[in-house]
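Number of protein chains: 2
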Amino acid sequence: MKKIKLQNTPAIRRMPTYLHKLDLLAAEHEETVSTTKLAEYMNLDPVIVKKDFELTNVKGQPGVGYQTADLIEGIRRFLRWDQLCSATLVGVGALGSAILGFTEFQEFGMKITSVFDSNPDKTGTYVHGHEVLAADRMEEILKQDPPRIAVLCVPTSCSQEVAEKVVHLGIKAIWNFGNVSLSLPDDVIVQREVLAGGFAVLSSKLVLRDEGENSDQ
Amino acid sequence: MKKIKLQNTPAIRRMPTYLHKLDLLAAEHEETVSTTKLAEYMNLDPVIVKKDFELTNVKGQPGVGYQTADLIEGIRRFLRWDQLCSATLVGVGALGSAILGFTEFQEFGMKITSVFDSNPDKTGTYVHGHEVLAADRMEEILKQDPPRIAVLCVPTSCSQEVAEKVVHLGIKAIWNFGNVSLSLPDDVIVQREVLAGGFAVLSSKLVLRDEGENSDQ
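Chains as they are written, first to last, in our numbering: chain A, 20 to 236; chain B, 20 to 236.
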């Protein structure tokens, strides 16, 4: 199988933010919403917002806009967030615990079915309602019926080793929070999530602004 | 002042991952590194890696590659991570605590000088060495000498209000972890970090793969 190459990544990244706004509008009984209104909210050109929603196949009506409920349903269907996606989470440090605590991931269909950590002090404790299991029980628990994804919140130095382990147990998609590019078979989907990447973008914007201010003088 | 529009965002997001790998190579006394090796590591085309490094103005030598130390210094200089960037962090929930615990942000120049939370039970407690201050002391503490950035880890429903407050106190750049598009003056830099955005990308890759597998049958 060939490697998955995703188009429209920025648009897809925006979907949860649209969804949050649309949920608020629906709660306020706003049955329709215009492209202009959403574009203003997102600080984007209306053309971009229109293109984003084309991905969902939901059609707006000229002069009326989109039906709020249709758009919510369309985005959820497009991302398959209308179906459950089983997941195991490995590494219950500060970030792993934070992810276990985000109730919005459940709304988006992620169902965490097991949680592992290699620290024996954590075994048997509960984090946001999830029992922490000993890492050496991964094979016993995951191999029979591997979940769809593994969320790796282990230290970066362990990411490759743990990734290989879960792939060996049959998991074919990894959400990797380690600051490392994993080397895995081509049929395994990997999504790397590096918080420092966001800080790099913010830092670059600061540099650009400072340079702009200096050149204005 | 005009809004900052950043080019090359994907390249900039990759910088911390290059940096981590280069630090490892430097620790192993690998004085030079080839584009091919880094491209293989990153699962990228070598042409893209070359273009990424052009941003840093560090030149490689044909047949030799880059000097590891030059590249590390070049990336840090490009992002201004060779200088300190003062920050206040607001909202010490699970995610805020996790960010306070990431030692790598310090290596990248972020210096958290104050931490606030509106929950009185947290006031005076220490999280990863930082004293949590009462949110109603923000004006007193920040206004005199506002830090360069504010890291907002408050619940999404409070993000806009807290953002307006820190901007009013003189902060001109916000790293926003709320799932909301902030409405702020144009001269304020905002970097939105939505973890669910990464899950949306992963979900879309799963959809693509499932469709590919079905069409193969």
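Just to be clear, a hint being listed does not mean it is correct.
Same chains, same names: a pair is fine if it fits in one copy or spans any two.
As a list, the in silico DSBU-like pairs of lysine-lysine whose alpha-carbon atoms are at most 35 Å apart [unchecked claim]:
1. Lys70 <-> Lys141
2. Lys40 <-> Lys162
3. Lys224 <-> Lys184
4. Lys191 <-> Lys130
Simulated from the structure, these hints should not be mistaken for lab results. The structure displayed is predicted, hence computed values, not measured ones.
Hints, verified against the model:
no., hint, in the structure
1, Lys70 <-> Lys141, "neither (47 Å within a copy, 44 Å between copies)"
2, Lys40 <-> Lys162, "between (39 Å within a copy, 32 Å between copies)"
3, Lys224 <-> Lys184, "between (39 Å within a copy, 21 Å between copies)"
4, Lys191 <-> Lys130, "within (16 Å within a copy, 38 Å between copies)"
Checked against the numbered hints given earlier, the structure breaks only hint 1 and satisfies all the rest.
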